[in-house]
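Visitor: Starting from the given sequences, assemble the full structure and let the hints guide the process.
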Amino acid sequence: MTTRGPRSFDRDAALDIAMTLFWRHGYEATSVAALTKAMGINPPSMYAAFGDKRRLFSEAVRRYAETHGSYGAKALEQTTSYDVVETMLHLAAAEYAGPGHPPGCLVVDGATNTAEASDDVKQELRAFREGIKQAIAARIAADVEAGLLPPDIDAPALAMFYAAVVQGMSTQARDGATPDELRRMADVALTAWPGGPGEARDVRENVRSAAVSSRA
Numbered sequence: 001m002t003t004r005g006p007r008s009f010d011r012d013a014a015l016d017i018a019m020t021l022f023w024r025h026g027y028e029a030t031s032v033a034a035l036t037k038a039m040g041i042n043p044p045s046m047y048a049a050f051g052d053k054r055r056l057f058s059e060a061v062r063r064y065a066e067t068h069g070s071y072g073a074k075a076l077e078q079t080t081s082y083d084v085v086e087t088m089l090h091l092a093a094a095e096y097a098g099p100g101h102p103p104g105c106l107v108v109d110g111a112t113n114t115a116e117a118s119d120d121v122k123q124e125l126r127a128f129r130e131g132i133k134q135a136i137a138a139r140i141a142a143d144v145e146a147g148l149l150p151p152d153i154d155a156p157a158l159a160m161f162y163a164a165v166v167q168g169m170s171t172q173a174r175d176g177a178t179p180d181e182l183r184r185m186a187d188v189a190l191t192a193w194p195g196g197p198g199e200a201r202d203v204r205e206n207v208r209s210a211a212v213s214s215r216a
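Numbering (full-length UniProt numbering), first residue to last: 1 to 216.
Treat the hints with care, since some could be wrong.
Straight-line distance between alpha carbons at most 27 Å, and here's what the computed DSSO-like set of lysine-lysine pairs gives [claimed, not checked]:
id : residue 1 : residue 2
1  : Lys37     : Lys53
2  : Lys74     : Lys133
3  : Lys122    : Lys74
4  : Lys37     : Lys133
5  : Lys122    : Lys53
6  : Lys133    : Lys122
Think of the hints as simulated: they come from the structure by calculation, not from any bench.
What you are looking at is a predicted structure, and each value in this text was computed from that prediction instead of being measured.
Guide: Written out as structure tokens, the structure reads:
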């Protein structure tokens with residue numbers, strides 16, 4: 001009698017499948033049975049490769065942050081705090097309602113309807129959101145310090161406002177909003193920027209010109 005060895009499978013592909021399930025249904029509503037069926041593996045193989053469902057979720061969230069959810073990190077590479085926010089909103093608009101994956105954001109909606117027993121899931125996702133919000137607040141504060149924004153700007157409140165816009169865009173995407181509709185929503189939100197988008201773009205050009213001159 002031949003003893004069958006452990007079933008081999010593509011771990012990265014299985015992780016992407018798990019990420020998509022958590023993204024579409026949330027942590028609580030995604031069962032181990034649904035995960036193993038979609039990944040094409042049995043529960044022992046899943047536990048051996050990823051640990052339990054909770055650890056698989058954490059790894060799926062990290063994969064999301066590195067792929068579909070990387071718009072925040074990309075935005076933070078921009079020159080001014082306005083550019084950071086503008087880029088974040090426009091990339092989120094394209095991603096949240098883009099084709100080929102569930103609508104909305106896993107980090108925003110992944111813990112919806114999560115039971116009290118899984119409160120650590122909420123805390124994990126909240127930490128991701130808080131990290132981006134605090135990074136934006138720091139960029140706004142730096143621009144205030146540099147004289148690029150008025151001195152009376154409340155950096156944490158402004159960052160919180162745009163974080164709330166991003167979360168609302170995720171909800172709207174799940175309700176069927178298109179990328180164009182989300183981008184228009186983003187552009188309306190940008191009119192709330194201190195001095196307006198026009199002044200913010202002038203500041204950006206001044207900063208870029210100064211950088212070019214300093215290298216000359």
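Visitor: All hints, please: hold or fail.
Guide: Verification of the hints:
1. Lys37 to Lys53: Within the cut-off at roughly 14 Å; holds.
2. Lys74 to Lys133: It holds: about 14 Å lies between the C-alpha atoms, which stays within 27 Å.
3. Lys122 to Lys74: holds, 24 Å
4. Lys37 to Lys133: Outside the cut-off at roughly 36 Å; violated.
5. Lys122 to Lys53: holds, 15 Å
6. Lys133 to Lys122: holds, 16 Å
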